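The task is simple: from the sequences and hints, build the whole structure.
Residue numbers (the numbering used here): 1152 to 2043.
Because the hints were derived from the structure by calculation, they are not lab data. Check before you lean on any hint, since a few could be wrong.
[Said to hold, decoys possible] Listed below are the simulated SDA-like cross-link pairs for lysine to any residue, each with C-alpha atoms no more than 20 Å apart in a straight line:
#	residue 1	residue 2
1	1921	1932
2	1688	1668
3	1501	1418
4	1501	1569
5	1750	1720
6	1750	1713
7	1448	1467
8	1705	1668
9	2041	2021
10	1263	1280
11	1688	1666
12	1705	1688
13	1826	1753
14	1425	1438
15	1698	1836
[Unchecked claim] Pairwise CB distance ranges, derived in the manner of DEER restraints:
#	residue 1	residue 2	range
16	1486	1638	48 to 56 Å
17	1519	1775	53 to 61 Å
18	1629	1706	53 to 61 Å
Nothing here was measured: the structure is a model prediction, and the numbers come from that model. Heads up, the beta-carbon is just placed ideally off N, CA and C, and yes, glycines get one too.
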Amino acid sequence: MMKVWRKASLLCIITAMIFTILPFSAFAADSETTVNMKFSDVRSGHWAEQHVAKLALQDVITGRPGGKFAPDDSVTKEEVVIMLIGFLGLKEEAERSQRDSVLPLSYSPWAKPYINKAVEEGLLRYQEELNLQDSDDLTSSVWGQEQASREWVAKMLIRAIGKEEDAEQMDTQVDSFPDASDVSAWAYPYMNAAVGLGILTGSGGKLLPQDTVTRAQIAVMLSKADEVSDYLSENFKQVHIGSVVSVSSDLLQIQDSNGEAVRVALSSDAMLYKKGETSPIGLNGIQPFYQVYLIEKNGIGYYVEVLEEMTFQKVTGRFVLTSTNPLQVIVEVNGSGETYELDPDVAVVKANGSGSSIRQIVANSTVELYYNADINDGKIQRIVIVQEPVNKTATGIVQRNENGQLTIVEAESTDEESFEVSDSVLVTYDKRLMSLDDLKQGDEISYDVKDSIITAIRLIKPSVPLLSYDSGTIRAIEKDFIVYEKNEDDPIVRYVSPNLTVLLEGADNPSLNDLHPGDRVDLEINGENRITKISVKNREVTSLVRKRIVSVQKTGDYYYLTVEMGRNDLELYRIDEHTVVRYNQTNVNMNNFEEYFTKDRYVNLTFSNNQLLRLEGVSVYSGEVHHVDVDEKKFEIKTERYGVVEFTLTNLSRVERNGSFSVGFLGLNPGMPVKVYVDMTQQNVDRVLVLDVLRVDVLETNANNNRLSVRMVDGTTRNVYLSQSTPIKLLNQSNGFFSSIQAGQPVFLVYEGTTVTEVRLAETILGEVKAVRADGMIEVRQFNGENRTLRKTDDRSVKAGDRVAITVDGYENQSIVLLNSITRQYWKNSSVSQTVSVRITQLNEQSDYPLANNVYVHDEDGKEITLNSLKSNEMITLYLYDGKVVEVVKRK
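Right, dumping it as structure tokens:
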């Protein structure tokens, strides 16, 4: 006998809500198993999408090769029989049968076991089918390959759900249709029942009983037949019907109609619906106590349908007391005592799911009360003891300190617990009084709890050393301590921390060596009485860029530089042990000093109070073009390290960009990222490399010489040669190989002048812009039905309704192209040449357009249609990308 779903009793629902749940690994597989529920030709929003997915997950229907479902193909009689045997859960039983054919009609050999089972179950009757074979309207000489009519399918469905006897007694339903007379006499009761039960509906106001049934239509009919049969599909092991116990962003727990707990992880592609509605719902549309229909496989939930909404309200407060006559409970809610009547069968449980009773609730426990105004006059149906009052002294690690509440991991149990903190709490550390705000995450503390409120806290070990502050004037500086004084008081000696930070305005990574006697400083001191930070207040550091050396002289152990600071302005600096000397970020040994720093070379200087702190020779500057003066042949770049630096181009200076080069300022614009290389004197510009990221289409690859043949944005082609070490970056930013680059795909080339320094693989998103948001995000509805939201980094202007091709890599590089469109009268299409043809108005107009794979065809309301459904001379709009039609819109 078929199992019929019954609503779980309220007591069962509540019992399910209090189960102690096993670890999730007991229910779910390690990862999602590949399942077939979506097909490339049943796009998101298709009128049968929900039913196709539902039956595919139940293995009642299957797709066609290539990941397609063929929703518009007509079904044959043998296909209907196979679907019905699967619908009744008899597929495995049929396949085990070794019986010879029991229906002496012709059909495909692979359909034999299912047809035998259908005869055995009374779905098929020999004489009945034999009589139908005498019809003049047959579409095939093979009975099984005959296209099934709507009235024949209605007969099979009514028998399958056990409604054949009821069909004769049902009120007349079909006579209201204008083509009721087209219903065959034998089919009348079945059509009448199918219409009355809602399994079959008219099309355009007609029944069309002799029309064939498409694969999409049979999916909807089977799904509706399941509903009116009190869910025969509940027999399937992957189908569960019951009440929601809990739901989160990725987990769903229900109690099924047998009282069993079912817990699943929700697939990222899970389809969520509400009974009677065709549009999907969000996860917030599923709430505790709702009755749902769930399909899962290996512990992963793929389909959830809300059958009935049943909600309970919750009250949270502190338990005060209870009475037995009448049966009531008093709970403190928001500081006020509230009285609630209890249901005689009220369930009381602890937070861990174990049972309890009214008598066992301790005063001041935090409780949750659940009720429904429509059940037993709104009396409380369930009480959950969330937390009993705590009285203890313990140690632990602070996790959070916010809003007068402390969250701690207790040392002994390693459990995380949260307590309110008394307004008069006493916080101490090593005989010092502190405030609650002084406690930080990671602090180790000892604490006293009384009635779940912390009354005293003792800081044992701070996670970050407690800091104090001082200020003064430095008198002496040694390797690991300084001497300073305050207001001419006695000198203070204080050691410095190994991780000392020195702040000196204008200095690059200053250290203790950059401090001078007489510096006025602010000091930060840790709990170990060591200085962790020194801020110099009366002195700053100055940096000058590209100044010419006039002379270099060595006297004793030191070098002396005379530097031209400006016209008729010379300064003499000593290079001593406190001076950092570098060339291109590499320290220079004083024995090699004159190899790098000689007369007439240009250097960068950092000094304070005439003391030279840093001397640098730099041959490469990186930054953005700040200003260009073509007349003076000068340009400036803004660098992160040196600020704005000015350069002069000579007739020999070369500007390289995008694989080519030119002489002069051609191509230099403000804001452009560049690298400037100077010659050995650091005076003259040798070359300027423009840093660019270009989107190109790969036409051909040659692994023998690492060559790419690419089409540039302007349509020109170019050969690009990569070195063996050129990084190839995949969409997830991981490293790929040269073989990862495929002809026909877009990529982004990262250029430094004439050299490609990196290749980034990309993808192109084709679709319609749905919104350009104020937060810089753009929402696109792809032609494959998926929605994508991404940050807009291309400065091309787009608006809602635009059709676009957006090419992106894994680094937020982006190229947006607006698709070209034409609106013409439709003429024809060819599946052989894969083209669509339109009427032309002038001889020089193009009439035939090639079709892209999976072209998106729909009307102005968004309903998907086929090219074959278009009629000659109807107005259509074609959207083209890369010369091919990617979207066709039928106009009204």
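request  = Would you check the hint for residue 1826 and residue 1753, treating anything up to 20 Å between C-alpha atoms as holding?
outcome  = At roughly 18 Å apart (the allowed maximum being 20 Å), residue 1753 and residue 1826 satisfy the hint.
Proposed proximity, residue 1836 with residue 1698 (alpha carbon, max 20 Å) = Holds - the C-alpha atoms of residue 1836 and residue 1698 are around 15 Å apart, at most 20 Å.
key: Pair hint residue 1705 and residue 1668, alpha-carbon separation not exceeding 20 Å   = violated, 27 Å
query = Holds or violated: are the alpha carbons of residue 1750 and residue 1713 at most 20 Å from each other?
reply = Holds: residue 1750 and residue 1713 sit about 9 Å apart, inside 20 Å.
key: Outcome for the supplied range 53 to 61 Å, where the beta carbon pair is residue 1629 and residue 1706   = violated, 28 Å
request  = Could you grab the alpha-carbon distance between residue 1921 and residue 1932 and see if it respects the 20 Å cut-off?
outcome  = holds, 6 Å
message = Holds or violated: the 53 to 61 Å window for the beta-carbon distance between residue 1519 and residue 1775?
response = holds, 59 Å
Restraint check for residue 1448 with residue 1467, where alpha carbons must lie at most 20 Å apart = violated, 37 Å
message = Hinted pair, alpha-carbon criterion (20 Å max): residue 1688, residue 1668. Please report holds or violated.
response = Holds, because 13 Å separates the two Cα atoms, which is no more than 20 Å.
Hint consistency between residue 1501 and residue 1569 [alpha-carbon to alpha-carbon, up to 20 Å] = Holds. Residue 1501 to residue 1569 sits at ~17 Å (cutoff 20 Å).
ask   = Keeping to a limit of 20 Å between CA atoms, is the pair of residue 1501 and residue 1418 held or broken?
value = Status violated; Cα separation ~31 Å.
request  = Given the hint that residue 1750 pairs with residue 1720, test it: the Cα-Cα distance must not exceed 20 Å.
outcome  = Holds, at roughly 16 Å.
Checked against the numbered hints listed earlier, the structure breaks hints 3, 7, 8, 12 and 18; every other hint is satisfied.
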